[in-house]
Structure formats: structure tokens, C-alpha cells
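Asks: Sequence:
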Amino acid sequence: MSAVQKLLRQVAWGPLDYLVVDMPPGTGDVQLSISQSIPVDGAVIVSTPQDLALLTHEEAWKYINLDILCSVPLDMRIREAGDLGKPVVIADSQSSLTKAYMQLASEVIARLPRRDEVTQRRDVKTS
0 MSAVQKLLRQ
10 VAWGPLDYLV
20 VDMPPGTGDV
30 QLSISQSIPV
40 DGAVIVSTPQ
50 DLALLTHEEA
60 WKYINLDILC
70 SVPLDMRIRE
80 AGDLGKPVVI
90 ADSQSSLTKA
100 YMQLASEVIA
110 RLPRRDEVTQ
120 RRDVKTS
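Residues in the sequence shown are numbered from 0 upward in steps of one, following numbering that gives the first Met the number 0.
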């Protein structure tokens, strides 16, 4: 059984709103296995900032019918911020990288149920 299959089948995740999986570059076996094994609502593309590279990634994900939530540029500032012990959104708050992370955060927040919907579901379960 592959590591991906173990991750998906042998871990007791419990109820999840999101599962973020950091995968190797490309659209190889890992990505295809995940997209075929579990419901996937969207993908975040991490790519070099060249337009052609980004276009290639977007086309590949559209081919397997996944929404692209956002694109995050592959940037050395991530490692540099980590070396400083600071999130990149603080270490370099005006960068395109930070803007991409903020876009991703906005997408995730927009997809979460509103607080009143969660409260209503909880009230229904307890009554």
C-alpha cells in the first residue's frame, strides 16, 4: 500500500472541514491517486512565477476537473521567513507571495459555514 493510500485509509481523521496535502511537483501518481480516492473541492498551485509554467499547471488541474483556489508563487522568501522564525505574511507583508496566501485564506474562509449555520446545526443535533 502506498504512503498516500495509508494516509487516506489508515488515519482516523474524524470530521474535517479541510485537509491540506503538500505534494511533490507535477501531476503524477500522488496527485492522481488523491483526486481519484477522495472528494477534492479545489487545488492550490505552487509554481514558478513564469506565465508558461503557471498556465501548464492550471491546464493540468482543469483536465482532472479541479477548481484552482489560488496560485502561490514558488519563492525563496518562504524559507527565509522560516529561518527568521516568522510567517512570510509578516516577514514580507507586501510581497506577491503574501498576497497569494491572503487570497487563499479568503477562499477558505468564504467556503466555511457561517457561525449561525454551525450554531443552528448544533441546536438541531441537541434537541
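Rather than coming from a laboratory, the hints here were simulated on the basis of the structure. Worth double-checking, as some hints may not be accurate.
Straight line, CA to CA, 20 Å or less: simulated EDC-like cross-link-like pairs of lysine to aspartate or glutamate [stated by the list, open to error]:
(1) K98 to D74
(2) K85 to D74
(3) K98 to E79
(4) K5 to D28
Asks: Next step is simple, just say for each hint if it's right about the structure.
Replies: Results for each hint:
1. Proximity of K98 to D74 is assessed by CA-CA distance (about 13 Å); at most 20 Å being required, the pair is judged to hold.
2. Between the alpha carbons of K85 and D74 the distance comes to roughly 15 Å, so the proposed pair stays at or under 20 Å and holds.
3. Distance hint between K98 and E79 is fulfilled; the C-alpha atoms sit about 17 Å from each other, no more than 20 Å.
4. Taking the CA atoms of K5 and D28, the gap is about 14 Å. The hint holds against a cut of 20 Å.
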